[in-house]
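With the hints as your guide, set chain X onto chain F.
Protein chains: 2
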Amino acid sequence: MAIDDPKDPILILASQSPRRRYLLEQAGLSFSVIPSRFDEEAVPFKPGDAPEDYVRKLAQGKALEVSARYPRSWIIGADTTVMIQGKNLGKPSSNAEAFEMLKQLSGETHEVHTGFCICSESAEKRFSQSVRTEVLFKELTHAEIDWYIKTGEPFDKAGGYGIQGVGIILVRSINGSYTNVVGLPVCEVIETLIREGIAGFCSGNGFDLNRPENVSSGAFG
Amino acid sequence: MAIDDPKDPILILASQSPRRRYLLEQAGLSFSVIPSRFDEEAVPFKPGDAPEDYVRKLAQGKALEVSARYPRSWIIGADTTVMIQGKNLGKPSSNAEAFEMLKQLSGETHEVHTGFCICSESAEKRFSQSVRTEVLFKELTHAEIDWYIKTGEPFDKAGGYGIQGVGIILVRSINGSYTNVVGLPVCEVIETLIREGIAGFCSGNGFDLNRPENVSSGAFG
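Top to bottom, those sequences are chains F and X.
Heads up: the first sequence runs through residues 727 to 947, numbered per the working numbering.
Heads up: the second sequence runs through residues 727 to 947, numbered per the working numbering.
Incorrect hints may appear among the rest.
Where chains are identical, the list cannot tell them apart; a pair therefore holds if satisfied intra-copy or between any two copies.
Stated by the list, open to error - Lysine to aspartate or glutamate pairs mimicking DMTMM-like chemistry, simulated, CA-CA at most 25 Å apart:
id, residue 1, residue 2
1, 772, 751
2, 864, 837
3, 772, 823
4, 864, 922
5, 813, 778
6, 876, 847
7, 829, 779
It should be emphasised that the hints constitute simulated quantities derived from the structure, not laboratory data.
Source: prediction; values computed, not measured.
The shape of chain F in the complex, shown without the other chains (with noise of 0.2 Å):
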């Protein structure tokens, strides 16, 4: 897909992971890739906090940080969290961690939220939602867990598993949005690019995109 003028992108997607870029890919859309620099740390998930405000808080502030740098450009900000009985489950960072958390995952119910938040400063526009999976894993015993994490995996992925990787064979089942759960709900994300005028069905493949100045103005929603 081919990517639209870098040097002033239409579409931005304010995100790293490779598994959101694939996902936007594979939809269609044409996008650059430029990191946010927002700071996640100094944002930690709190015991009562609700996971579907917080991944909206987070990827509202990767977006806006991304949307102050590009301000004639739509921002595509996300983040993902996975949640265990209440619990919010980070990215391991050593193999007993990942352990630890594969082990509580195994034939086990759990959510994984990921919220969205696409926005453009010159338009002054915001777009923010976030959508909720349940994944059920299989019964894993101590040597597939053992087996997991030699493959490398765990380690930069919240809950410690990829489900586009290897990572597949370990979930029975799902209930709601996949791609959500890869990190990007993109049915969600295209249905708002579309009902806000950003994206349109163009008489090719892919979308045709709309600048910011070129969708009529609102209040910063």
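Frame of chain F, contents of chain X only:
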């Protein structure tokens, strides 16, 4: 992923579907691809057929045909069918047929059934299973359906869409196995391979495979 000796493979995928191949590679299996010559047209879906039995029967037919040619190998055969309101949707053969199918799916929940069969003639073993997933489409406008048909994606796929392609933007949510909708329920396939001693978690990445003669023999069941 490396392919085992193509002249004498331990494991064969009896399908020419690039999507099934991709799923097994994603899971980390080594295998060869040898499409089945089983004649599906000779076993059409009849009104009143139970889809779970139908897809198992076809998966068995496909696997056994290749097994007869490669008796020393393990064979994986599979068949996928899409059902809506008790009706079986095949692969559309024209723009008009694709349009009708997608219009039927729009805003509704349909069922995807995939049957798989793993067998070996020399070991006299056969294991089969079918898996069901519910898929909810978003409401599609006529413009959206026309646009999707122009991508060319509907034409070689049961139900007229591909969830692993641009079709991902049509799907709001699923209930069940995602890979089952793509064409092969990978979690259940790997479970069968492990349970029956055909595959084992190896010390490096991927799986160790056992030839049929190394797996204790039993009745063809």
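Here is what the structure says about each hint:
no., hint, in the structure
1, 772 to 751, "neither (34 Å within a copy, 39 Å between copies)"
2, 864 to 837, "both (15 Å within a copy, 22 Å between copies)"
3, 772 to 823, "within (19 Å within a copy, 52 Å between copies)"
4, 864 to 922, "between (40 Å within a copy, 17 Å between copies)"
5, 813 to 778, "within (13 Å within a copy, 38 Å between copies)"
6, 876 to 847, "neither (44 Å within a copy, 34 Å between copies)"
7, 829 to 779, "neither (27 Å within a copy, 35 Å between copies)"
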